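The chain contents come next:
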Amino acid sequence: MDRALRDRGGSAADESDAWLSALRAEGPERERAEGELHDLLLRAARFEVGRRRAALSYVRGEELDDIAMQAADDAMVALLAKLDDFRGASRFTTWAYKFALLEAGVKLRRRAWQGREVVLEPESWSGFADRSGSAQDEVEQAELLEALREAVEKTLTPHQRQVFVALALNEVPIDVLAERLDSTRGALYKTLHDARRKLRGELAAAGLVESGD
Amino acid sequence: MSDEPKVSTQSLERLLGPRSEEVSCEQCFETLDQFVELELAGEDAETALPGLPAHLEGCSACRQDYESLRALVAEES
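Residue numbers (this note's numbering), protein chains in the order written: chain A, 150 to 362; chain B, 153 to 229.
If you are wondering where the hints come from, they were derived from the structure by calculation, not from laboratory data. Since the structure is predicted, the reported quantities are computational estimates derived from the model, not experimental observations. Backbone N, C-alpha and C define an ideal beta-carbon position, used for all residues, glycine too. Take the hints with a grain of salt, since some may be wrong.
A short, non-exhaustive set of chain A residues, derived as facing chain B with CB atoms under 10 Å [unchecked claim]: (1) Glu197; (2) Ala203; (3) Asp234; (4) Lys247; (5) Lys303.
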């Protein structure tokens with residue numbers, strides 16, 4: 150917030166209080182604060198676009214600008230709905246930035262996967278194959294691979310298998326899978342976490358990996 | 153020589169995710185701002201917010217959010 154609010158107080162706490170006070174005010178003060186907040190969110194969203202631009206070189210700049218603007222708009226709605234959750238554990242600006250970075254990151258990952266098929270079956274196990282080892286490792290590696298294949302088939306539920314294969318084996322971004330399965334990042338990660346636990350337990354029992362804590 | 157894909161213990165560990173307890177994506181989002189500021193201040197963020205580093209190891213989307221937030225805040229300070 151810029152200068153006007155920063156000038157009112159020197160500390161981060163004062164600055165955060167000033168943001169909260171302005172955003173809870175009525176009339177022109179609130180409108181001004183919301184405008185400044187949107188500018189801040191847009192700056193963060195554009196920062197994220199800048200970081201991902203190289204991977205999206207085939208997307209027109211105009212479209213990326215639109216994505217940044219949509220991310221800032223959505224972040225604004227999400228942030229205002231959670232304004233009472235802000236406890237001052239960080240600066241208000243840092244707290245606000247994470248909303249815009251999340252929205253922009255999700256939109257950019259989805260844009261990158263637009264039109265691509267999300268494979269839910271293990272088409273190939275070579276994504277995590279390590280071909281750099283010596284020939285002497287071959288037997289051990291084949292054993293690990295077979296054990297993992299078996300554990301995926303035998304210990305996971307169909308949904309866990311689908312999520313594990315897509316996210317861990319085929320490296321589908323979690324936000325892309327969430328959109329395709331009409332789910333959420335949190336729910337899918339919980340499924341992935343449970344699947345990983347089962348697989349680790351199975352492979353640890355066979356002495357192939359260390360068990361979890 | 154066989155074309156059978158090879159899997160190393162290291163890549164298997166990556167697939168199986170963190171071994172230690174980790175927070176959820178929602179808990180990660182709630183405290184990410186605090187974590188980043190503690191880290192940038194040189195404080196012990198891992199002790200203050202246990203389970204968050206393990207989550208960042210296991211969840212690539214949350215890790216990207218973390219890296220971006222850290223870079224943005226570092227750039228502005």
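Hints and how they fare:
1. Glu197: At about 5 Å, which falls below the 10 Å cut-off, the nearest Cβ of chain B leaves the hint on glutamate 197 (chain A) intact, so it holds.
2. Ala203: Violated, because the Cβ-Cβ distance from alanine 203 (chain A) to chain B comes to roughly 14 Å (cut-off 10 Å).
3. Asp234: holds (8 Å)
4. Lys247: Because about 5 Å separates lysine 247 (chain A) from the closest Cβ in chain B, which is inside the 10 Å limit, the hint holds.
5. Lys303: Because about 16 Å separates lysine 303 (chain A) from the closest Cβ in chain B, which is outside the 10 Å limit, the hint is violated.
Violation of the numbered hints given earlier is confined to hints 2, 5; the remaining hints are satisfied by the structure.
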